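There are 2 protein chains.
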Amino acid sequence: MFGFQYYTPTQVVFGKGTESKVAELIRTYGGTKVLIHYGGGSVVRSGLLKKVTDTLDAAGIAYVTLGGAVPNPRLGLVYQGIELCRKEGVDFLLAVGGGSAIDSAKAIGYGMANEGDVWDFYDYKRKATGCLPLGVILTIAATGSEMSDSSVITKEEGLVKRGYSSDYGRPKFAIMNPELTMTLPDYQTACGCTDILMHTLERYFTNGGNMEITDALAEGLLRTVMKNAEILARDPQNYDARAEVMWAGSLSHNGLTGCGNDGGDWMTHKLEHELGGLYDVAHGAGLAALWGSWARYVCGDCLPRFRQFAVNVMGIAPEGTDEEIALKGIEALEDFFRRIHMPTNLRELGVNATEEDLATMAHKCAVGVNGAKGSAKLLREEDMLAIFRASR
Amino acid sequence: MFGFQYYTPTQVVFGKGTESKVAELIRTYGGTKVLIHYGGGSVVRSGLLKKVTDTLDAAGIAYVTLGGAVPNPRLGLVYQGIELCRKEGVDFLLAVGGGSAIDSAKAIGYGMANEGDVWDFYDYKRKATGCLPLGVILTIAATGSEMSDSSVITKEEGLVKRGYSSDYGRPKFAIMNPELTMTLPDYQTACGCTDILMHTLERYFTNGGNMEITDALAEGLLRTVMKNAEILARDPQNYDARAEVMWAGSLSHNGLTGCGNDGGDWMTHKLEHELGGLYDVAHGAGLAALWGSWARYVCGDCLPRFRQFAVNVMGIAPEGTDEEIALKGIEALEDFFRRIHMPTNLRELGVNATEEDLATMAHKCAVGVNGAKGSAKLLREEDMLAIFRASR
Numbered sequence: 001m002f003g004f005q006y007y008t009p010t011q012v013v014f015g016k017g018t019e020s021k022v023a024e025l026i027r028t029y030g031g032t033k034v035l036i037h038y039g040g041g042s043v044v045r046s047g048l049l050k051k052v053t054d055t056l057d058a059a060g061i062a063y064v065t066l067g068g069a070v071p072n073p074r075l076g077l078v079y080q081g082i083e084l085c086r087k088e089g090v091d092f093l094l095a096v097g098g099g100s101a102i103d104s105a106k107a108i109g110y111g112m113a114n115e116g117d118v119w120d121f122y123d124y125k126r127k128a129t130g131c132l133p134l135g136v137i138l139t140i141a142a143t144g145s146e147m148s149d150s151s152v153i154t155k156e157e158g159l160v161k162r163g164y165s166s167d168y169g170r171p172k173f174a175i176m177n178p179e180l181t182m183t184l185p186d187y188q189t190a191c192g193c194t195d196i197l198m199h200t201l202e203r204y205f206t207n208g209g210n211m212e213i214t215d216a217l218a219e220g221l222l223r224t225v226m227k228n229a230e231i232l233a234r235d236p237q238n239y240d241a242r243a244e245v246m247w248a249g250s251l252s253h254n255g256l257t258g259c260g261n262d263g264g265d266w267m268t269h270k271l272e273h274e275l276g277g278l279y280d281v282a283h284g285a286g287l288a289a290l291w292g293s294w295a296r297y298v299c300g301d302c303l304p305r306f307r308q309f310a311v312n313v314m315g316i317a318p319e320g321t322d323e324e325i326a327l328k329g330i331e332a333l334e335d336f337f338r339r340i341h342m343p344t345n346l347r348e349l350g351v352n353a354t355e356e357d358l359a360t361m362a363h364k365c366a367v368g369v370n371g372a373k374g375s376a377k378l379l380r381e382e383d384m385l386a387i388f389r390a391s392r
Numbered sequence: 001m002f003g004f005q006y007y008t009p010t011q012v013v014f015g016k017g018t019e020s021k022v023a024e025l026i027r028t029y030g031g032t033k034v035l036i037h038y039g040g041g042s043v044v045r046s047g048l049l050k051k052v053t054d055t056l057d058a059a060g061i062a063y064v065t066l067g068g069a070v071p072n073p074r075l076g077l078v079y080q081g082i083e084l085c086r087k088e089g090v091d092f093l094l095a096v097g098g099g100s101a102i103d104s105a106k107a108i109g110y111g112m113a114n115e116g117d118v119w120d121f122y123d124y125k126r127k128a129t130g131c132l133p134l135g136v137i138l139t140i141a142a143t144g145s146e147m148s149d150s151s152v153i154t155k156e157e158g159l160v161k162r163g164y165s166s167d168y169g170r171p172k173f174a175i176m177n178p179e180l181t182m183t184l185p186d187y188q189t190a191c192g193c194t195d196i197l198m199h200t201l202e203r204y205f206t207n208g209g210n211m212e213i214t215d216a217l218a219e220g221l222l223r224t225v226m227k228n229a230e231i232l233a234r235d236p237q238n239y240d241a242r243a244e245v246m247w248a249g250s251l252s253h254n255g256l257t258g259c260g261n262d263g264g265d266w267m268t269h270k271l272e273h274e275l276g277g278l279y280d281v282a283h284g285a286g287l288a289a290l291w292g293s294w295a296r297y298v299c300g301d302c303l304p305r306f307r308q309f310a311v312n313v314m315g316i317a318p319e320g321t322d323e324e325i326a327l328k329g330i331e332a333l334e335d336f337f338r339r340i341h342m343p344t345n346l347r348e349l350g351v352n353a354t355e356e357d358l359a360t361m362a363h364k365c366a367v368g369v370n371g372a373k374g375s376a377k378l379l380r381e382e383d384m385l386a387i388f389r390a391s392r
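Heads up: the sequence lines are chains U and A, in that order.
Under our numbering, residues 1 to 392 are what the first sequence spells out, in order.
Under our numbering, residues 1 to 392 are what the second sequence spells out, in order.
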């Protein structure tokens with residue numbers, strides 16, 4: 001095992017009606033002029049945005065609003081947000097939505113607290129030295145961005161999707177009311193559950209440093225999310241299942257399920273970033289479409305972990321060779337994806353990629369990771385291409 | 001399930017040699033004049049204290065020292081610490097040690113940041129509105145105080161042991177090097193493991209609000225701690241086992257294993273507080289000596305949870321009546337306590353309590369909880385006395 005840092009300062013306020021505490025929380029963290037940042041019209045249609053502005057009005061907290069954060073949130077809107085915040089003297093950001101709104105708000109926060117072009121951080125050129133304080137009202141359980149240090153932004157020019165991680169970007173508070181996720185389309189709910197699973201799986205399949213306590217937490221989280229994702233596929237209005245998935249989403253990406261390891265693998269995410277950049281597919285569905293091909297490609301180089309996963313998480317009987325057990329575990333997770341109507345290849349994802357597209361994505365991915373990345377197996381451009389090909 | 005708040009702002013720096021980062025961390029959190037607070041001579045003898053003062057000297061950070069925090073830390077030393085801090089203009093507290101030094105430092109911090117008698121907080125009379133910032137170098141894995149909001153202090157007059165919990169008291173950082181716990185006597189190591197288990201068990205045995213994700217994490221933590229406690233009973237120098245237990249100790253009491261429940265039971269702790277106040281026994285050993293008697297007394301009122309514990313944590317086959325399965329789970333945990341040389345009754349603890357002593361403790365305990373407490377079963381003074389009697 002390795003040494004580690006664990007830092008999750010976000011104050012979580014979880015449960016029914018907790019959005020009513022937003023003004024009190026903004027005040028606690030010193031906000032006097034707020035940018036309310038959100039995505040499409042769903043928070044408008046649901047009345048949540050009005051509820052939030054009413055609460056701030058009643059508390060006498062000034063605000064401006066900026067909607068339009070899309071899945072795979074765009075750099076253009078980030079620049080627009082920074083300009084608006086500067087003009088309006090904003091000192092606190094409130095993201096109302098899912099990962100897109102939160103990640104976009106984090107980028108605006110970096111832009112506000114640092115000189116120069118905010119894209120530099122996402123382009124691995126510089127490190128941020130601060131971030132405007134940020135709070136969240138979460139409406140989608142998926143990215144874990146409400147407690148995590150990471151944000152992912154897509155630059156329109158060349159459709160470059162990049163992530164940046166910094167403790168400065170961790171939200172001050174996260175309001176999580178599972179009821180707010182009930183209006184999500186089933187497909188988005190399943191995408192979210194997949195993303196949550198993947199945040200722990202990326203940390204789980206490594207070739208070094210696993211702690212038993214971390215494994216125990218990770219395996220428990222994975223089993224719980226799978227069970228409740230299936231409940232939600234049948235019964236989307238189930239509050240308890242919504243709550244289980246929502247809290248698991250935060251724990252899956254706040255660092256907890258990776259303590260003591262070598263940092264994790266993360267190649268399924270990196271491959272999906274290229275897919276998301278080029279085809280604008282839903283992130284969770286993209287991950288599901290790629291995972292099986294990645295897993296089969298790397299499994300032989302990380303056999304003890306794939307075996308452990310099969311037995312402890314997927315309930316495979318420990319009979320046969322390690323390879324057989326590992327493969328059954330991979331198949332069982334793919335079966336689960338099918339049961340929640342997630343794709344297990346590019347075709348099912350609706351992506352009809354040419355050989356040239358695959359080569360472009362593999363090349364961009366390899367450049368993005370400076371040549372090679374992966375802990376389960378170190379992948380180079382030719383490996384990435386092979387995985388993309390296998391996923392068609 | 002219930003709504004909940006989860007707030008663990010403590011920056012954890014975990015691994016070999018991490019104590020070398022103490023000056024850098026104190027500076028990050030604004031400390032310019034430090035009180036180094038510790039317990040007995042072990043941190044002096046081991047050279048850790050000198051290492052810390054050398055590091056602060058090299059960094060040009062001023063400090064004063066105050067040793068003498070004992071197990072069941074005393075109010076008198078807290079007053080002495082507050083006086084010293086005021087005189088010396090201390091603006092940051094560094095606890096070097098285990099729960100006693102940390103809890104004592106928290107109390108000093110409350111005394112510094114609030115007017116009036118600091119005992120008022122422990123005596124349920126007032127709430128603190130702040131705490132001097134506090135960092136920790138942990139040398140004993142047990143109380144979880146390095147990430148928790150709680151501290152327990154004993155008032156010498158009448159030997160009154162009381163706990164106070166406030167988010168203000170959560171440490172800014174916790175340096176955790178598992179190597180620093182290797183010089184602990186085996187008995188203290190086992191006491192620590194017991195305390196860690198109990199922090200999750202107290203949250204686990206409730207009659208309301210359990211979340212599946214919380215249960216999964218709690219059960220994984222309990223199994224991991226038991227396994228590694230047994231390894232340490234045979235091989236105290238095992239770094240990996242030390243690390244597993246140390247990190248589990250923080251996670252067991254930072255709130256994670258209670259999210260969504262009704263606050264937990266906590267009666268074994270409350271009963272042990274009276275035992276610790278009167279006989280000054282090691283906290284973990286006191287908990288082990290009482291737990292079985294508590295469990296048998298309350299089990300019928302919390303049967304589904306005791307059954308789940310037996311099957312999921314203790315590996316009892318789900319055969320027979322719920323009562324039979326539950327009882328086997330209780331017996332299995334007592335067997336575990338014996339294997340790590342912990343007592344399972346007062347006699348084995350070395351306490352020869354008269355009927356009058358038991359009545360005194362039950363009465364003080366009932367007064368301390370305003371008459372009644374407990375979620376597995378609500379206990380009144382007569383129930384407390386019955387449990388003390390059964391534990392002889």
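Some hints could be false.
Claimed, not checked - Here are the simulated lysine to any residue pairs, SDA-like style, with alpha carbons at most 25 Å apart:
hint	chain 1	residue 1	chain 2	residue 2
1	A	Lys172	U	Gly30
2	U	Lys172	A	Pro9
3	U	Lys172	A	Gly315
4	A	Lys16	U	Asp262
5	A	Lys227	U	Glu219
6	A	Lys227	U	Pro318
7	A	Lys172	U	Gln5
8	A	Lys21	U	Arg223
9	U	Lys21	A	Gly209
10	U	Lys127	A	Arg27
11	U	Lys227	U	Arg339
12	A	Lys21	U	Asp240
13	A	Lys16	U	Pro318
14	U	Lys227	A	Val311
15	U	Lys227	A	Gly315
16	U	Lys172	A	Ser150
17	U	Lys21	A	Val311
18	U	Lys227	A	Asp262
19	U	Lys16	A	Gly315
20	A	Lys227	U	Arg339
No lab work stands behind these hints, which were simulated from the structure alone.
Computed from a predicted structure; not experimentally measured.
Outcome of the hint check:
1. A:Lys172 with U:Gly30: 19 Å, holds
2. U:Lys172 with A:Pro9: 10 Å, holds
3. U:Lys172 with A:Gly315: Judged against 25 Å, a Cα distance of about 40 Å means the pair is violated.
4. A:Lys16 with U:Asp262: 15 Å, holds
5. A:Lys227 with U:Glu219: 17 Å, holds
6. A:Lys227 with U:Pro318: 21 Å, holds
7. A:Lys172 with U:Gln5: 13 Å, holds
8. A:Lys21 with U:Arg223: Distance of about 37 Å is beyond 25 Å: violated.
9. U:Lys21 with A:Gly209: Cα-Cα ~22 Å, so holds.
10. U:Lys127 with A:Arg27: 20 Å, holds
11. U:Lys227 with U:Arg339: 11 Å, holds
12. A:Lys21 with U:Asp240: Outside the cut-off at roughly 43 Å; violated.
13. A:Lys16 with U:Pro318: Violated: Lys16 (chain A) and Pro318 (chain U) sit about 35 Å apart, past 25 Å.
14. U:Lys227 with A:Val311: 19 Å, holds
15. U:Lys227 with A:Gly315: 21 Å, holds
16. U:Lys172 with A:Ser150: 22 Å, holds
17. U:Lys21 with A:Val311: Answer violated: Lys21 (chain U) to Val311 (chain A) is near 40 Å, above 25 Å.
18. U:Lys227 with A:Asp262: 23 Å, holds
19. U:Lys16 with A:Gly315: 35 Å, violated
20. A:Lys227 with U:Arg339: 35 Å, violated
The structure fails hints 3, 8, 12, 13, 17, 19 and 20 (numbered hints given earlier, in ascending order).
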